[in-house]
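Going down the list, the sequences are from chains A and B.
Counted from 1, the first sequence has number 96 at position 96 by our numbering; the numbering is strictly sequential.
In short: position in the second sequence from 1, add 1000, done, that's our numbering.
It is worth saying that the hints were derived from the structure and are not from the lab.
No residue lacks a Cβ here, since even glycine has one placed at the ideal position from N, Cα and C.
Among the hints, erroneous ones may be present.
Here are some chain A residues pointing at chain B (derived, C-beta under 7 angstroms) [what the hints assert, rightly or not]:
(1) Leu17
(2) Gly35
(3) Arg76
Okay, the calculated beta carbon distance ranges per label pair [as the list claims (entries may be wrong)]:
(4) B:Ser1165 / A:Ala88: 48 to 58 angstroms
(5) B:Gly1027 / A:Gln95: 35 to 45 angstroms
(6) B:Val1038 / A:Gly130: 28 to 38 angstroms
Below are the chains, spelled out letter by letter.
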Amino acid sequence: MTRAHVLDHVGLVARLLLGGVLLVAGGLKVGNPLGSARAVQGYDVMPFEVAEYIGYALPWVEVVIGVLLVLGLFTRTSALLGALLMAAFVIGITQAWVRGLTIDCGCFGGGGQVDAGETEYGQEIARDLGLALCGVWLLVRARTAYSLDRFLFGDAKERT
Amino acid sequence: MSNQDRKAKAQAAAGSTGRGANAVVIGGVVVIVAIVLVVGAVVVNSVRDSGGASELPQGVAAGEPLEPYADANPPKDAPVVDVYEDFRCPACKVYEEYLGGTVTELAQDGRIRLRIHLKTVIDSVTGGESSAVAGSSAVCALDQGAWTGYHEALFALQPESEDRSGFAEETYTQAAERAGLSGDALDEWQQCTDDGTYVDYVQGVDDATTEEGIRATPTVVVDGTQFNWSSVIDQQSGEVDTETLKQVLTSGDVPEDMVATQ
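This is chain A alone, in the form it adopts within the complex:
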């Protein structure tokens, strides 16, 4: 087993982790756009109407990026978008924590106000940072095992 071979599989794991989580998180929210809108509004960082549209669109964006990552298609671009999403989530959760809001992150549906003792900001931030790192890995090294990129475009594209 060569070094490249191992790294390709690390990339595969990163893809499936970030893509899988995005796909599940988006999928759970697609059927409940109102809930998603309310979750985003709960962060209280942007105008109410804007938050509503972001809330409606976010599940679809997550699903699309998730599918692309799981398939390994346009890996580098998808990984960039996925990592940016995770970074945005980390910032959102951190500001909620710092400002003393007591909300559920709404990451997998749910969201909104919770009791002060029920917040899980620490775990949520740690998880999203981990997922962001998966994205960064793929950004640096987009070549992965079992990817549609390799199947469609060959090795050439992935080395760039």
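Based on these hints, arrange chain B on the given structure of chain A.
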């Protein structure tokens, strides 16, 4: 053949076997992604407008609360009691069971000005629009002069589980019959309910009140101060301190230890 020619030829060959096809594939995928996004955006924008007829209750502006007992003509200086509720919310059912009767009585006597904000909190938890449909059906009952009975009956018939399906259709009719509607009035109420006449209105109220910061139900606000309504219920015996409740509502003054801290 020069070296350069050979390179060019090799590149052309690579292009014809791979690059050309790749461009098509890339183009195709981009188009698919774009379609998914557009469809998603369209679906998303239409979700909150799917209630059918979108009428406003008589004399009520979009996003504004109902005043089911406006006929009681409360004096201008009567305390304003704002109640934010959702027919599917279990705590709202408890509130209705314990305090609803007293609040209704005070409003009917014109001692308070009662404003009802119908919210859709459980819809935002489970998806679907059953809370909005239930709220719409209650406004239909208000149109038929059966608010009090319908309101009480529908809370009593609240489904056990909070899931997407929400109230069964027949539950509304059952509540309407319990509220004493029959004949033409029942038919008109049924038509109004089936049309989802006020679904958009109720969803609009939820938007407006959420923007104001009222995210949970039931919330009771007395002359602008949030009232911790459960403080008048004895946690052990379950008895309601009706006198205190009346005192708070009719004075418009919420004692400091009864102010809700949400």
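Hint by hint, which ones does the structure fall short of?
-> 1, 3 and 4
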